[in-house]
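Produce the entire structure from the sequences given, and follow the hints as far as they go.
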Amino acid sequence: MRRARVTGWGRATASVATVVAPSSTEELSQIITRAAADGSHVLARGLGRAYGDAAQNAGGVVVRLSGPPVVSPVADGGLVEVSATTSIGDLIDAVLPLGWFVPVTPGTAHVSIGGALAADVHGKNHHRHGSIGSHVISVRVMDGRGDVHDLARDDPAFGAVVGGMGLAGIILSARLRLRRVDSATMTVTARRTDCLAETMHVLAEDDAAHDYTVAWLDTLAGGRRLGRGVVTSGDHTDGSAERAFPSGTERAGGSGGRSRRSVTAPPWTPVGLLNRGTLAVFNETYYRTAPAQFRTQETSIGAFFHPLDAVSGWNRLYGRRGFLQYQVAVPGDEDLVRLVTLLHARGVPGFLGVLKRFGGANGLPLSFPIPGWTLALDIPAVAAFAPALDEADELVTLAGGRTYLAKDARTRPDVLAAMYPDLPRWRALRATLDPDRVFRSDLSRRLSL
Amino acid sequence: MIDALRAVQSVLVIGAGSDIARATVRQLAAGGRLERVVLAGRPGRGRDAAQVEVGRLLGARSMANGTNGTAGSVEVVDLDITDLAHHEPSLGPVFGAGDIDVVVLAAGVLPEAPTLTDPLAAAHVMSTNAGGCVSALTVVAAAMRRQGHGSIVVLSSVAAERPRRSNYLYGASKAGLDAFSRGLAEDLRPDGVTVLTIRPGFVRSSMTAGLTPAPLAVDPADVATAIVAALPGPSRVVWVPRAMRGVMSVLRHLPAPVFRRLPL
Numbered sequence: 001m002r003r004a005r006v007t008g009w010g011r012a013t014a015s016v017a018t019v020v021a022p023s024s025t026e027e028l029s030q031i032i033t034r035a036a037a038d039g040s041h042v043l044a045r046g047l048g049r050a051y052g053d054a055a056q057n058a059g060g061v062v063v064r065l066s067g068p069p070v071v072s073p074v075a076d077g078g079l080v081e082v083s084a085t086t087s088i089g090d091l092i093d094a095v096l097p098l099g100w101f102v103p104v105t106p107g108t109a110h111v112s113i114g115g116a117l118a119a120d121v122h123g124k125n126h127h128r129h130g131s132i133g134s135h136v137i138s139v140r141v142m143d144g145r146g147d148v149h150d151l152a153r154d155d156p157a158f159g160a161v162v163g164g165m166g167l168a169g170i171i172l173s174a175r176l177r178l179r180r181v182d183s184a185t186m187t188v189t190a191r192r193t194d195c196l197a198e199t200m201h202v203l204a205e206d207d208a209a210h211d212y213t214v215a216w217l218d219t220l221a222g223g224r225r226l227g228r229g230v231v232t233s234g235d236h237t238d239g240s241a242e243r244a245f246p247s248g249t250e251r252a253g254g255s256g257g258r259s260r261r262s263v264t265a266p267p268w269t270p271v272g273l274l275n276r277g278t279l280a281v282f283n284e285t286y287y288r289t290a291p292a293q294f295r296t297q298e299t300s301i302g303a304f305f306h307p308l309d310a311v312s313g314w315n316r317l318y319g320r321r322g323f324l325q326y327q328v329a330v331p332g333d334e335d336l337v338r339l340v341t342l343l344h345a346r347g348v349p350g351f352l353g354v355l356k357r358f359g360g361a362n363g364l365p366l367s368f369p370i371p372g373w374t375l376a377l378d379i380p381a382v383a384a385f386a387p388a389l390d391e392a393d394e395l396v397t398l399a400g401g402r403t404y405l406a407k408d409a410r411t412r413p414d415v416l417a418a419m420y421p422d423l424p425r426w427r428a429l430r431a432t433l434d435p436d437r438v439f440r441s442d443l444s445r446r447l448s449l
Numbered sequence: 001m002i003d004a005l006r007a008v009q010s011v012l013v014i015g016a017g018s019d020i021a022r023a024t025v026r027q028l029a030a031g032g033r034l035e036r037v038v039l040a041g042r043p044g045r046g047r048d049a050a051q052v053e054v055g056r057l058l059g060a061r062s063m064a065n066g067t068n069g070t071a072g073s074v075e076v077v078d079l080d081i082t083d084l085a086h087h088e089p090s091l092g093p094v095f096g097a098g099d100i101d102v103v104v105l106a107a108g109v110l111p112e113a114p115t116l117t118d119p120l121a122a123a124h125v126m127s128t129n130a131g132g133c134v135s136a137l138t139v140v141a142a143a144m145r146r147q148g149h150g151s152i153v154v155l156s157s158v159a160a161e162r163p164r165r166s167n168y169l170y171g172a173s174k175a176g177l178d179a180f181s182r183g184l185a186e187d188l189r190p191d192g193v194t195v196l197t198i199r200p201g202f203v204r205s206s207m208t209a210g211l212t213p214a215p216l217a218v219d220p221a222d223v224a225t226a227i228v229a230a231l232p233g234p235s236r237v238v239w240v241p242r243a244m245r246g247v248m249s250v251l252r253h254l255p256a257p258v259f260r261r262l263p264l
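Going down the list, the protein sequences come from chains A and B. With the working numbering applied, the first sequence corresponds to residues 1 to 449, in that order. With the working numbering applied, the second sequence corresponds to residues 1 to 264, in that order.
In short, the hints are calculated from the structure, not lab data. Just to be clear, a hint being listed does not mean it is correct.
Covered by chain B, per the in silico footprint, the following chain A stretches (three or more residues, Cβ under 8 angstroms) [claimed, not checked]:
id: 1; segment: 6-15
id: 2; segment: 147-157
id: 3; segment: 429-435
Computed footprint of chain A on chain B, listed as stretches where at least three residues anywhere in the stretch have a Cβ under 8 angstroms from a Cβ of chain A [to be verified]:
id: 4; segment: 5-14
id: 5; segment: 27-33
id: 6; segment: 146-152
id: 7; segment: 186-192
Label-pair restraints from in silico Cβ distances [as the list claims (entries may be wrong)]:
id: 8; chain 1: B; residue 1: E75; chain 2: A; residue 2: R5; range: 41 to 47 angstroms
id: 9; chain 1: B; residue 1: R162; chain 2: A; residue 2: D38; range: 34 to 40 angstroms
id: 10; chain 1: A; residue 1: G347; chain 2: B; residue 2: A30; range: 18 to 24 angstroms
id: 11; chain 1: A; residue 1: E391; chain 2: B; residue 2: A123; range: 53 to 59 angstroms
id: 12; chain 1: B; residue 1: T208; chain 2: A; residue 2: D38; range: 45 to 51 angstroms
id: 13; chain 1: B; residue 1: A30; chain 2: A; residue 2: G400; range: 46 to 52 angstroms
We put the beta carbon where it would ideally sit given N, CA and C, even for glycine.
Here it is in structure tokens:
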């Protein structure tokens, strides 16, 4: 137990909390009841990949659940029980050699299952398979009184927890349904596009033919080149018996942390290393290295799903100032075009702009994905960009879209409420699990959740 | 909570009549997220005017945001910087009612003459600017330490750097506050709270009305701009204008026979 500075992945937000690592559920329960008694607040923190302040709890208790990954044997139909501290990467490592894969993975494998459910994460296959919440059969959670509940999908309180950003309870474990795969590699197509309209068109076309699609977008290029990019589409390689699962199958290549080939970002990087000038050069270089015509190749799961994990600590490249990620979902094609145009016109330097399409929503009140488009931009945390992002928020809100709480570090409480019309319903459900409001985060304080 | 782009949601002003504090609140409101402003100071015209202005600021902002009716709040708290016994009872509840992102300590007096032959008046300047402010800072620091986040802005002065014949009493009082502020910054480092020690030169304000502006004089808005740019941290000394830092580093080292000849 110690007071420690806790930050977001973007390192642009920080606060000090008492960090504790209970070694049993009994101890965790006591931490919660003690906090309830003395009026302090508790929040669980997983692997700290939330970009903003969702996993910070100033002046309160931050709980780090610990323990080795725990993955049950996979039952018929792909049912598996996983502890909250197991990471997406751990889970893949455990089940891939048996011919199973996670139904949904975000862009990094370093997200705990607890965190993945709390944020209701999505991946490149949302248009076909939805977000992770759709694949959760039940979740085990400790509530604001220290009691444990098993919530099935049809339990109303399920919707308070999944997507609830840790504010309705502490997730202890979950039962998920995995998907069957025939191999440990991906068959991937990559193709360059010349403008936003083409990027959107190719992405939509590829969605009809592939499980996993994503576009990297250049928001700095102007004029006709605005929104040019690289569309990458993939599927699990069709199995042929000999190739499917050689012994020692692992995610290999770019799986970060565990891979010997990963590199480390320097612990100290001068502020401003990543700025408009360097970003423009990066964007141009990346764009040029992609094939103009589509090219298909086989690639490892690690390289396809978790490319950034190859550079450990890449968030440090933004220096002391840190960065934030602006990720929103908008319903219509026109909305996306206006958003990209606005961000470009305001000179917002987006690094690694990522565009995906979303399929149907899952009905959970704080779940982020809605049908349409989602755009994610990494932006250096420079205060001068605040008005432009506020303007973008307004565009998104008026279009019926929303921002992603797992990334947010700067939106306004009234804007957030307008973006999530189900927020009152979520609050009512949260009250059934945490009537005394023991669970708080810097995010919940900032946004009046 | 202060957000990733340094927008502030709540501020406590100690010394509600201060022009610099008012200018600072004005600029913080421009971030579009200011919801709670607490004005602590002596009852009177200065505080009243500040209250009216802040109320209008928050109201106008809520209109622009389309959140009519949820404008945020302005509270006033009675506080006499020299009434030490009441600092904790007055300021404690402010933090009890909710987080404070930024505290601006702008309470202080300017002595009426370069030297005072009245020992009580002289001591009063010290006990106001140094003693009273140290007391208030102690209350604030403890509360923010518990909070685990926040920034404290302390209005010091270039006069704290080296005593001048023209204002050594003021300089002495600010020197005490300045040293305390810088030490406090170090003390609060592990607690997630930053302390900004602001050293303005001559500020054209109601406090200095009637005085001849010194070279490099600034307006309260300039000081506010420097404060807002330095928030939330890291903890440091902020000179206003920035050139003052260079000027003072020269003046600091001038031999006394030279220094005393300067028309300062």
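task: Test coverage of the segment 5-14 of chain B by chain A using CB-CB distances below 8 angstroms; three residues minimum.
output: holds (count 4)
Checklist line | Whether chain A covers the segment 146-152 of chain B (at least 3 residues having a Cβ closer than 8 angstroms to its Cβ atoms) | finding: It holds, with 4 qualifying residues against the three required.
Open item on the list: Is the coverage entry for the segment 6-15 of chain A by chain B consistent with the three-residue Cβ rule at 8 angstroms?
Closed with: Check passed, 6 qualifying residues.
ask   = Can the suggested window of 41 to 47 angstroms be confirmed for the beta-carbon pair E75 (chain B) and R5 (chain A)?
value = This hint is violated: roughly 30 angstroms between Cβ atoms.
- Could one say that the CB atoms of T208 (chain B) and D38 (chain A) fall in the range 45 to 51 angstroms? holds, 48 angstroms
*asked:* Taking 8 angstroms as the Cβ threshold, is the statement that the segment 147-157 of chain A is covered by chain B upheld or broken by the three-residue rule?
replied: It is violated, with 0 qualifying residues against the three required.
*Check the following: the C-beta atoms of E391 (chain A) and A123 (chain B) are separated by a distance inside 53 to 59 angstroms.*
holds, 54 angstroms
*With a C-beta cutoff of 8 angstroms, work out whether three or more residues of the segment 27-33 of chain B approach chain A closely enough for the coverage to hold.*
holds (count 3)
Between G347 (chain A) and A30 (chain B), does the C-beta distance stay in 18 to 24 angstroms? At 19 angstroms between Cβs, range holds.
- Query: Taking the CB of A30 (chain B) and the CB of G400 (chain A), does the distance hold inside 46 to 52 angstroms?
  - Reply: violated, 28 angstroms
Query raised in the report: Does the Cβ-Cβ separation between R162 (chain B) and D38 (chain A) fall within 34 to 40 angstroms?
Result: violated, 49 angstroms
- Query: Taking a Cβ-to-Cβ distance below 8 angstroms as contact, does the segment 186-192 of chain B have at least three residues touching chain A?
  - Reply: holds (count 3)
Violated hints, in rising order: 2, 3, 8, 9, 13; the structure is consistent with all others.
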